[in-house]
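Q: So the chains spell out like this:
Protein chains: 2
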Amino acid sequence: MHLELSSGAGLRSGLETALRDAVRDGRLAPGTRLPSSRALARDLGLARNTVAEAYGQLVAEGWLTARQGSGTRVAPGARPQQPVSTSVALAFPDQAAGTHLPYDLRPGKPDLSSFPRTAWVAATRQAMAKAPHDAFGYTDPRGRVELREALAEYLSRVRGVRANPDLILVCTGYVQAIGLLGRVLAERGGQRIAVEALGFSDTRTVLRESGLATTDLPVDEYGADIGSLADVGADAVLLTPAHQFPSGVALSPERRTAAVEWAHATGGVVIEDDYDGEFRYDRQPVGALQGLDPANVVYAGTASKSLAPGIRLAWLVLPERLMEPLVRQKRFADRQSPVVDQLALAELIVGGAYDRHVRRMRSRYRLRRDRLVSALATRAPGVRVSGIAAGMHVVVELPDGYPSEGELIERAARLGLAVTGMHMYGGTGERGALVVGYGTPPDHAFSAALEALCAALAP
Amino acid sequence: MHLELSSGAGLRSGLETALRDAVRDGRLAPGTRLPSSRALARDLGLARNTVAEAYGQLVAEGWLTARQGSGTRVAPGARPQQPVSTSVALAFPDQAAGTHLPYDLRPGKPDLSSFPRTAWVAATRQAMAKAPHDAFGYTDPRGRVELREALAEYLSRVRGVRANPDLILVCTGYVQAIGLLGRVLAERGGQRIAVEALGFSDTRTVLRESGLATTDLPVDEYGADIGSLADVGADAVLLTPAHQFPSGVALSPERRTAAVEWAHATGGVVIEDDYDGEFRYDRQPVGALQGLDPANVVYAGTASKSLAPGIRLAWLVLPERLMEPLVRQKRFADRQSPVVDQLALAELIVGGAYDRHVRRMRSRYRLRRDRLVSALATRAPGVRVSGIAAGMHVVVELPDGYPSEGELIERAARLGLAVTGMHMYGGTGERGALVVGYGTPPDHAFSAALEALCAALAP
Numbered sequence: 001m002h003l004e005l006s007s008g009a010g011l012r013s014g015l016e017t018a019l020r021d022a023v024r025d026g027r028l029a030p031g032t033r034l035p036s037s038r039a040l041a042r043d044l045g046l047a048r049n050t051v052a053e054a055y056g057q058l059v060a061e062g063w064l065t066a067r068q069g070s071g072t073r074v075a076p077g078a079r080p081q082q083p084v085s086t087s088v089a090l091a092f093p094d095q096a097a098g099t100h101l102p103y104d105l106r107p108g109k110p111d112l113s114s115f116p117r118t119a120w121v122a123a124t125r126q127a128m129a130k131a132p133h134d135a136f137g138y139t140d141p142r143g144r145v146e147l148r149e150a151l152a153e154y155l156s157r158v159r160g161v162r163a164n165p166d167l168i169l170v171c172t173g174y175v176q177a178i179g180l181l182g183r184v185l186a187e188r189g190g191q192r193i194a195v196e197a198l199g200f201s202d203t204r205t206v207l208r209e210s211g212l213a214t215t216d217l218p219v220d221e222y223g224a225d226i227g228s229l230a231d232v233g234a235d236a237v238l239l240t241p242a243h244q245f246p247s248g249v250a251l252s253p254e255r256r257t258a259a260v261e262w263a264h265a266t267g268g269v270v271i272e273d274d275y276d277g278e279f280r281y282d283r284q285p286v287g288a289l290q291g292l293d294p295a296n297v298v299y300a301g302t303a304s305k306s307l308a309p310g311i312r313l314a315w316l317v318l319p320e321r322l323m324e325p326l327v328r329q330k331r332f333a334d335r336q337s338p339v340v341d342q343l344a345l346a347e348l349i350v351g352g353a354y355d356r357h358v359r360r361m362r363s364r365y366r367l368r369r370d371r372l373v374s375a376l377a378t379r380a381p382g383v384r385v386s387g388i389a390a391g392m393h394v395v396v397e398l399p400d401g402y403p404s405e406g407e408l409i410e411r412a413a414r415l416g417l418a419v420t421g422m423h424m425y426g427g428t429g430e431r432g433a434l435v436v437g438y439g440t441p442p443d444h445a446f447s448a449a450l451e452a453l454c455a456a457l458a459p
Numbered sequence: 001m002h003l004e005l006s007s008g009a010g011l012r013s014g015l016e017t018a019l020r021d022a023v024r025d026g027r028l029a030p031g032t033r034l035p036s037s038r039a040l041a042r043d044l045g046l047a048r049n050t051v052a053e054a055y056g057q058l059v060a061e062g063w064l065t066a067r068q069g070s071g072t073r074v075a076p077g078a079r080p081q082q083p084v085s086t087s088v089a090l091a092f093p094d095q096a097a098g099t100h101l102p103y104d105l106r107p108g109k110p111d112l113s114s115f116p117r118t119a120w121v122a123a124t125r126q127a128m129a130k131a132p133h134d135a136f137g138y139t140d141p142r143g144r145v146e147l148r149e150a151l152a153e154y155l156s157r158v159r160g161v162r163a164n165p166d167l168i169l170v171c172t173g174y175v176q177a178i179g180l181l182g183r184v185l186a187e188r189g190g191q192r193i194a195v196e197a198l199g200f201s202d203t204r205t206v207l208r209e210s211g212l213a214t215t216d217l218p219v220d221e222y223g224a225d226i227g228s229l230a231d232v233g234a235d236a237v238l239l240t241p242a243h244q245f246p247s248g249v250a251l252s253p254e255r256r257t258a259a260v261e262w263a264h265a266t267g268g269v270v271i272e273d274d275y276d277g278e279f280r281y282d283r284q285p286v287g288a289l290q291g292l293d294p295a296n297v298v299y300a301g302t303a304s305k306s307l308a309p310g311i312r313l314a315w316l317v318l319p320e321r322l323m324e325p326l327v328r329q330k331r332f333a334d335r336q337s338p339v340v341d342q343l344a345l346a347e348l349i350v351g352g353a354y355d356r357h358v359r360r361m362r363s364r365y366r367l368r369r370d371r372l373v374s375a376l377a378t379r380a381p382g383v384r385v386s387g388i389a390a391g392m393h394v395v396v397e398l399p400d401g402y403p404s405e406g407e408l409i410e411r412a413a414r415l416g417l418a419v420t421g422m423h424m425y426g427g428t429g430e431r432g433a434l435v436v437g438y439g440t441p442p443d444h445a446f447s448a449a450l451e452a453l454c455a456a457l458a459p
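Those protein sequence lines, which keep their order, are chains Z and D.
Residue numbers for the first sequence follow the numbering used here, beginning at 1 and rising by one.
Residue numbers for the second sequence follow the numbering used here, beginning at 1 and rising by one.
In case anyone wonders, no lab produced these hints; they're calculated from the structure.
Check before you lean on any hint, since a few could be wrong.
No distinction is drawn between identical chains; accordingly, a pair holds when it is met within one copy or between any pair of copies.
[As the list claims (entries may be wrong)] The list that follows gives simulated cross-link-like pairs (lysine to any residue, SDA-like), each with its CA atoms no further than 20 Å apart:
| # | residue 1 | residue 2 |
| --- | --- | --- |
| 1 | Lys130 | Ala18 |
| 2 | Lys130 | Glu149 |
| 3 | Lys130 | Asp140 |
| 4 | Lys130 | Ser114 |
| 5 | Lys130 | Val350 |
| 6 | Lys130 | Gln284 |
All values reported here derive from a predicted model rather than from experimental measurement.
Just need the whole structure built from these sequences, with the hints factored in.
A: Right under this line is the structure:
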């Protein structure tokens, strides 16, 4: 039996490692009888006790068996290791994250280079200095009270949400929030949820996985077609009232009222996805739909656009009747969201740093949008930029005679720019349109990205 | 119409707030016609424009409607707010967290007062200084590569896990990990999972919610009865091999081998819950079962005992065939776990602070266990402390003639001590036994808690 003992580690642990390795790579097959501890000790120049202890450890771990009269053998269950196939190693390369292209104007992400790292560390330090010991244990599944109280004040002040800290559920990101809602609706007998025909397909998948069927609501220049809700027999509807994604329109006042009336008349639930409600540039933001009817509208907010998606913090403001079943599902999902980030965000909000960051980003995005609109007006006068002055994306509509969406995406890629089009979000128009996320690049790369976009769109 | 305008805010926003409040509390009923902007401006001594703008904002938000010829009215959808009932406010008081009693020896939590706050803040700062911008976006759903690499090295070194970073899935706590596994097993046709008859009932509930039936495996002094696995027709088995919770025994070498052989023979999956594998006091810890057969054993580890549950970080080391379906479920659950904590933990591990913290806690818990055992030997010589010298709990068996488990729990409560018994974890013995978590109290309270326990158990 050949064993390679590394000289660095202790003798006993070196011997254990060598024996495990020999079993793993198949040199010692299951059933093989090992030398007696006395014999092996002599061979290796070790104390017999060292070998006996190593054998004992490996017996306890199940690598070896020791039976009276049959000596020490390699256990029948020990199997040689199989190498990991490269397919797994390569299956998740920067998924959803990066692009191999130098410039990125795909929507859905804020400028990650602006994440307030220093303020976040400072808030973490402050939170750590204050938090009671119990905060690090299993606490309220709704989330830390410090954060729920801060959010209630913030959402009421900034978004007109009627938020009681008791009715806020902190979630590990928007995907979790929507999945938990889907499960609760399904558990209460719900079968179908209406979603905007234009949007991220992931949301639909998550809702279906949670047990609901989905029906698409057409989207026009007034937002989702609430009028057609009555016909689809939905138990709930998911809307982006402040800023439809990706079309960029706001839900019209009449449809806001109609959505709430639908909920009231049918007992249905309206879910308001307020993903970028803080970012409006031409006027005061339209307040949350939830404020109109908190008994039937679920408000869903997130730090993914205001801070960064990696923080994975989102929140639901719930009608009272949904709180308990949501908490039950939350406990099954992950018991409670991680506390340190919650405490840090509460510090940021209460101390004013969150408002300052949002204001700073608002002027930055507004400036980028202005530059984008004026650059395209000069360099690609044929296209039309649509969508309200809000958020961090615009739709670039393509006039007759222009190359199609797909051709332009390819042309942009050849110029080093990643950009997507309406088809990716359910758009069915023949020409298509580009969806341009001007929030995505770091500041220093925005000019070059915009230049590439103009070049791709030049007539 | 009586409106209370607060003088602090801007006039327009003050008017908006006053109007919303009036609708909310029912003073302005749906359908009510408002004064013209000119009339209201005169009444309130405001510029007409201010009133018109406020009306416009509230129309956009759906509070009011404005139609040619019919003036401005309160929208039909706007509903008065209902106050939150106190039942919701009171439904989740310190759930699972606290006790109203001064001393707490319930198991399941480490000493939260020892959470390394300073080291955590320092690790967060270091992580923030290093992290690429992309880390704050949507990244690999398996978790940050920095953490997966750190864990692979750590788990291999400390727990004998054969861990490839590509096959590690970082989860938002153990409950999520086990729920995702349950879903994947069910999705692949699995119907039944065997679990140890003694344990947390929450785990069973989560597995059932994920779509599996559960069957109890008896637990004796050699751990779970693997021999009975063949009879129950399970597709998977969930075990605590290093330290059964709550009985405190280790799975015997024969049963370790038998578990792996069962998996190999039936295609079943063994899930190894290694919740406190770092804490063994009388000998080197028994290595992970996963090391024996990584193709069929899922290793589940967590920071809940080594650091704190509130961090909500756990990890699965997966057989290759389970990685892709698990990632799919993870994406539906919360897309990826929050990044800042992941990066901080990676820093702690790579920089050695994690090992130092575990060592420090190991000697602290060992000392507490020694004090507990020796105090009971003197003060309550009739009882028998069982379970290997590991983790942060012991079982206190009650001899004939002693009060029952329930009576002792009551007696302890009267002495100010919270403690639980075997019945809470599925124990069926007539006498019962106490399950004492000596890790729970802060250091300064341990002596008093132990004193209370001795008093409760005194003959």
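Q: Compare the structure with each hint and give your call.
A: Status of the hints after comparison with the structure:
Taking identical chains as interchangeable, the C-alpha atoms of Lys130 and Ala18 are never at most 20 Å apart, the minima being 49 Å within one chain and 36 Å between chains. For the homomeric pair Lys130 and Glu149, the shortest alpha-carbon distance inside one copy (16 Å) is at most 20 Å, but the shortest distance between copies (32 Å) is not. In this assembly of identical chains, Lys130 and Asp140 lie within 20 Å of each other by CA distance solely inside one copy; the values are 18 Å within and 33 Å between copies. Taking the closest pair of Cα atoms, Lys130 and Ser114 come within 20 Å of each other only across two copies (15 Å); inside a single copy the shortest separation is 27 Å, beyond that limit.
When the C-alpha separation of Lys130 and Val350 is checked against a cutoff of 20 Å, the pair qualifies only within one copy, where the shortest distance is 14 Å, while the shortest distance between copies is 27 Å. Taking the closest pair of Cα atoms, Lys130 and Gln284 never come within 20 Å of each other, the shortest separation being 35 Å inside a single copy and 38 Å across copies.
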